[in-house]
Amino acid sequence: MLLQELVNKWAQNANTSEIVNGRREKGKCKDYKLLLNFIKRILDFGIQLGAIEDNPATKVFPPKLKTRTSNKIKYFDNVELKQFLTYLDTLDPTVTNQKSKTLYKKLLLATGLRVGEALALSWSDINFCDKSVSITKTLIQQSNVIQEGTKTKESNRILFLDSETIQLLKVWQKSQNDGAISLHDSLVFSYHQKTRTYELERLKLVSHFKHAGVPNIGFHGFRHTHASLLMNNDVNPKEIQRRLGHADYAITMNTYSHLAKSKEKETAEKFGNILKAL
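For the record, in the sequence shown the residue sitting at position 195 is 195 according to full-length UniProt numbering, with numbers rising by one throughout.
Derived from the structure by calculation, the hints contain no laboratory data. Cβ atoms here follow ideal geometry from the backbone N, Cα and C, with glycine treated the same way. Zero decoy hints are in this set.
Below, a list of computed lysine to aspartate or glutamate pairs in the EDC-like style, where the Cα atoms sit at most 16 Å apart: (1) 40 to 54; (2) 131 to 162; (3) 101 to 199; (4) 105 to 89; (5) 105 to 164; (6) 59 to 44; (7) 265 to 234; (8) 64 to 5; (9) 59 to 5; (10) 106 to 164; (11) 137 to 154; (12) 9 to 31; (13) 40 to 53; (14) 101 to 201; (15) 64 to 31; (16) 105 to 162; (17) 101 to 89; (18) 131 to 164; (19) 137 to 125; (20) 106 to 162; (21) 170 to 130.
Label pairs and their calculated CB-CB ranges: (22) 127 to 273: 42 to 52 Å; (23) 160 to 122: 14 to 24 Å; (24) 273 to 237: 17 to 27 Å; (25) 64 to 234: 37 to 47 Å; (26) 265 to 220: 18 to 28 Å; (27) 234 to 46: 54 to 64 Å; (28) 13 to 238: 29 to 39 Å.
All chains, full assembly: derive it from the sequences and hints.
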């Protein structure tokens with residue numbers, strides 16, 4: 001039956017889709033049973049109109065949707081984070097572009113920026129007076145072209161920075177102005193008047209992880225680490241959503257709430273204390 005084959009195809013797509021940040025891939029809907037119900041209702045109406053004699057959709061059996069677990073989120077715990085930061089501080093700042101490489105990683109950890117957002121930053125985006133950075137553009141991975149506008153409307157945002165990160169930015173800007181690197185331009189992170197590329201940065205990062213003796217969490221792991229630190233230190237989840245530039249509050253909670261391990265333990269202790277006080 002053609003309709004049964006169609007529903008089977010929908011189910012197969014849903015059951016083989018990847019789940020990232022709690023969501024299936026686009027075009028691979030898990031609500032195929034709901035779609036089948038709509039078809040049944042339409043065909044029932046066709047019977048009422050006399051257009052058809054029976055409803056073939058009533059003979060279709062939707063396959064069961066498999067329970068799938070999300071890809072495990074990679075991030076640093078406190079020990080690993082301290083170990084990686086200590087490693088970065090041991091790198092020789094006199095090596096060409098080393099200050100920039102160290103700053104880039106520390107900025108990702110301090111802000112939770114997406115990689116493309118950080119690589120697209122220009123000095124005009126940095127406000128040293130109020131210690132903030134404006135996120136208004138991103139670097140397209142496939143073409144390495146900077147595009148005005150970000151992933152979503154909510155991704156266009158202003159983030160406040162801590163004093164240490166601001167100081168690192170000032171030092172790096174001075175290095176550029178003093179000619180410590182050649183052929184620089186208005187970009188914060190650049191070489192030879194070009195933006196850095198995803199692939200080049202990824203290869204360097206893997207090497208740094210290896211030498212630091214920490215897990216390879218990838219660049220996006222810095223974003224996850226940032227969110228985990230905020231979750232575990234009583235930062236309002238709504239503020240975390242705004243800081244990460246998520247379009248939906250549910251995305252933030254579904255993705256990161258389970259990373260608040262210390263809060264889970266505190267909740268258990270609080271419950272025990274409540275029982276004792278009864």
